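A.B. asks: Sequence:
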Amino acid sequence: MLKNQLSYLPDLSDLRPEANIEDAIAGEPGESNPEEEERLRAVLRKHRMIFLGDGNALPPPARGVVCDLEVGDAKPISMWSRRIPADLLSKVYELLKRLLETGLIEYSDSEWASAIVLVMKKNGTDVRLCIDYRLVNQLIKLMNYPLPLIDERMSNFAATTWFMTLDMASGFWAVPMTARAQLISAFICPLGHFQWKRMPERPSDLPTAFG
Numbered sequence: 001m002l003k004n005q006l007s008y009l010p011d012l013s014d015l016r017p018e019a020n021i022e023d024a025i026a027g028e029p030g031e032s033n034p035e036e037e038e039r040l041r042a043v044l045r046k047h048r049m050i051f052l053g054d055g056n057a058l059p060p061p062a063r064g065v066v067c068d069l070e071v072g073d074a075k076p077i078s079m080w081s082r083r084i085p086a087d088l089l090s091k092v093y094e095l096l097k098r099l100l101e102t103g104l105i106e107y108s109d110s111e112w113a114s115a116i117v118l119v120m121k122k123n124g125t126d127v128r129l130c131i132d133y134r135l136v137n138q139l140i141k142l143m144n145y146p147l148p149l150i151d152e153r154m155s156n157f158a159a160t161t162w163f164m165t166l167d168m169a170s171g172f173w174a175v176p177m178t179a180r181a182q183l184i185s186a187f188i189c190p191l192g193h194f195q196w197k198r199m200p201e202r203p204s205d206l207p208t209a210f211g
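Position 127 of the sequence shown, counted from 1, bears residue number 127 in UniProt numbering, the numbering being contiguous throughout.
There may be inaccurate statements among the hints.
[Said to hold, decoys possible] The calculated DSSO-like cross-link candidates involving lysine-lysine, where the alpha carbons are at most 30 angstroms apart (straight line), are:
id	residue 1	residue 2
1	K91	K197
2	K141	K75
3	K97	K121
4	K197	K121
5	K197	K97
6	K97	K122
7	K121	K91
8	K197	K75
9	K46	K197
10	K141	K197
11	K91	K46
If you are wondering where the hints come from, they were derived from the structure by calculation, not from laboratory data. All values derive from a computational prediction rather than experimental measurement.
Can you make the complete structure from the sequences, with help from the hints?
C.D. replies: In structure tokens, the structure reads:
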């Protein structure tokens with residue numbers, strides 16, 4: 001499907017909102033006591049910097065992991081910039097400006113260039129800005145990585161007393177990219193030529209790298 005070949009350019013607002021640890025749900029109502037809840041909240045305070053106050057915020061870079069893309073000796077894909085209606089150029093400009101300011105993307109001189117396309121949102125009036133990686137995805141060699149089975153993970157919790165669930169907000173953005181992956185991720189629009197420094201969401205094999 002086309003939507004599975006597109007990398008969405010996110011609508012960014014406040015990119016580093018501080019998480020309110022005091023409002024976090026700590027403990028299990030009716031099960032944990034105030035002392036236990038405070039101990040858990042103290043752990044959250046200690047690691048405050050890794051929590052985001054907004055799911056659309058920019059996470060700190062991950063440690064010990066990097067995203068790479070392998071295309072062998074394939075000839076770089078270089079697409080023409082597609083026309084963007086004049087009334088939408090200001091939106092594209094502001095979006096690219098924010099991505100540059102936060103270090104998610106940078107200007108590029110790569111031989112690769114995938115085009116930005118506009119996709120209509122469900123309301124039929126607004127549009128979403130995307131990158132068309134269909135041709136690039138055909139060249140990327142898939143990575144074989146044995147993801148752990150959930151049943152095996154659950155068996156390790158047999159003697160566990162405390163459990164916690166965490167939503168890894170904007171998790172893809174936490175993973176830095178190798179130099180060659182950055183070049184392959186390059187995209188073009190009427191406002192310039194750019195490439196990703198952190199991992200976007202849709203090029204083939206990135207979900208495996210994230211896992």
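A.B. asks: If you test the structure against every hint from before, which numbers come out violated?
C.D. replies: 11
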